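K.L.:
Sequence:
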Amino acid sequence: MSAVANSPSSLAIGERTEHSVVCLTAEGVLDANNSAELRDSVTKATVDTPSAVIVDVTALQVPDEAVWSVFISARWQADTRPEVPILLVSGSRAAREAITRSGVAHFMPVYTTEKSAIKGLGKLARRGFRHAQAQLPANLTSLRESRQLVREWLTDWSKPRLIPVALVVVNVFVENVLEHTGSDPVMRLECDGPTATIGVSDGSGAPAVRLPSPPKGIDVSGLAIVEALSRAWGSTPTASGKTVWAIIGPENQL
1 MSAVANSPSS LAIGERTEHS VVCLTAEGVL DANNSAELRD SVTKATVDTP SAVIVDVTAL
61 QVPDEAVWSV FISARWQADT RPEVPILLVS GSRAAREAIT RSGVAHFMPV YTTEKSAIKG
121 LGKLARRGFR HAQAQLPANL TSLRESRQLV REWLTDWSKP RLIPVALVVV NVFVENVLEH
181 TGSDPVMRLE CDGPTATIGV SDGSGAPAVR LPSPPKGIDV SGLAIVEALS RAWGSTPTAS
241 GKTVWAIIGP ENQL
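For what it's worth, UniProt numbering labels the leading residue of the sequence shown as 1, then goes sequentially.
Hint data in this document are derived by calculation from the structure and do not stem from the laboratory. On a predicted model such as this, the values are computed, not experimentally measured, just so you know. Incorrect hints may appear among the rest.
The following label-pair restraints were derived from C-beta to C-beta distances [to be verified]:
#1 Leu124 - Arg161: 22 to 28 Å
#2 Ser20 - Ala232: 28 to 34 Å
#3 Arg16 - Thr155: 37 to 43 Å
#4 Gly14 - Arg151: 40 to 46 Å
#5 Gly120 - Asp48: 29 to 35 Å
Calculated pairs, EDC-like style, for lysine to aspartate or glutamate (alpha carbon to alpha carbon, straight line, at most 16 Å) [claimed, not checked]:
#6 Lys44 - Glu83
#7 Lys115 - Glu18
#8 Lys159 - Glu18
#9 Lys44 - Asp79
#10 Lys119 - Glu18
#11 Lys123 - Asp192
#12 Lys123 - Glu83
#13 Lys44 - Glu65
#14 Lys159 - Asp192
Ideal Cβ placement from N, Cα and C applies to all residues, glycine included.
Let's have the full structure, built from the sequences with the hints guiding it.
P.N.:
Structure follows, in structure tokens:
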């Protein structure tokens, strides 16, 4: 089924399935008013655990570059199957560069054609992706429990060298949830090749923002530490609140 936008300013999303791969095609204008529709379509496409979801955004116009982050939001939705790879396709070099600048490429590769994306699936299948998730109570016991789980998971996945920095990151994220929201933190840890991603979700729509560094002295705020210790980090809105995430790799070992 092809996507046909009713007007140049509307959004249309088509879907078809080929050999267990769900292929979405987005056409029209993507903005803050309709981005949730695309996010939910991507999330829904992963539910039946296809071998992959490919989203062709070649015909999509995105006036505000920041709106590309909707794909990060889709990646962190509670209903998204994290084991299902999501791949983007765009025939526009400018769009691919904008997608990369927005941080989306940290979570999903971007290809020039659907054919090249399908060829890339073989490489993704060999990546050794692992993930685990836990909902924690909205009290201080979550700090100890989150660190314990991270240690256990990374040990089981043979990533002991990432444990020290991962413990610092998850402690900051869970502590911020307990301090600033009344939510039960939901922690997810993913391991993809040499990297690990720590994400902690809560029910507050207020983004996690690193405060400006003090004019004098050393900035020792939690998110400043996360920024210094990780490859990349961000705060991404979801349908139920937000997820704060950080990616760590071999260069971030303590």
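K.L.:
Determine for every hint whether it applies to the structure shown.
P.N.:
Cross-check of the supplied hints:
Hint check: leucine 124 to arginine 161, Cβ distance near 24 Å, so the stated range 22 to 28 Å holds. Evaluation of the 28 to 34 Å hint for serine 20 and alanine 232 yields a pass: the beta carbon distance comes to about 31 Å. Separated by about 42 Å at the C-beta atoms, arginine 16 and threonine 155 satisfy the suggested range of 37 to 43 Å. Distance hint check: the CB atoms of glycine 14 and arginine 151 are about 45 Å apart, consistent with the given range 40 to 46 Å.
Checked against the hint of 29 to 35 Å, the pair glycine 120 and aspartate 48 fails, with Cβ atoms roughly 21 Å apart. For the hint pairing lysine 44 with glutamate 83, the CA-to-CA distance comes to about 14 Å; that is within 16 Å, so the pair holds. Between lysine 115 and glutamate 18 the CA atoms are separated by roughly 12 Å; this keeps the pair inside 16 Å, and the hint holds. Using a Cα cut-off of 16 Å, the hinted pair lysine 159 and glutamate 18 is violated, with the two alpha carbons roughly 35 Å apart.
Restraint check: the Cα-Cα separation between lysine 44 and aspartate 79 comes to about 8 Å, which is no more than 16 Å; the hinted pair holds. Between lysine 119 and glutamate 18 the alpha-carbon distance is near 14 Å, which keeps this suggested pair within the 16 Å criterion. The straight-line distance between the Cα atoms of lysine 123 and aspartate 192 is roughly 12 Å, inside the 16 Å bound, and the hint therefore holds. For the suggested pair lysine 123 and glutamate 83, the alpha carbons sit about 14 Å apart, so the restraint of at most 16 Å is met.
About 24 Å separates the Cα atoms of lysine 44 and glutamate 65, which puts this hinted pair outside 16 Å; it is violated. Simply put, lysine 159 and aspartate 192 have alpha-carbon atoms about 11 Å apart, close enough for the 16 Å limit, and the pair holds.
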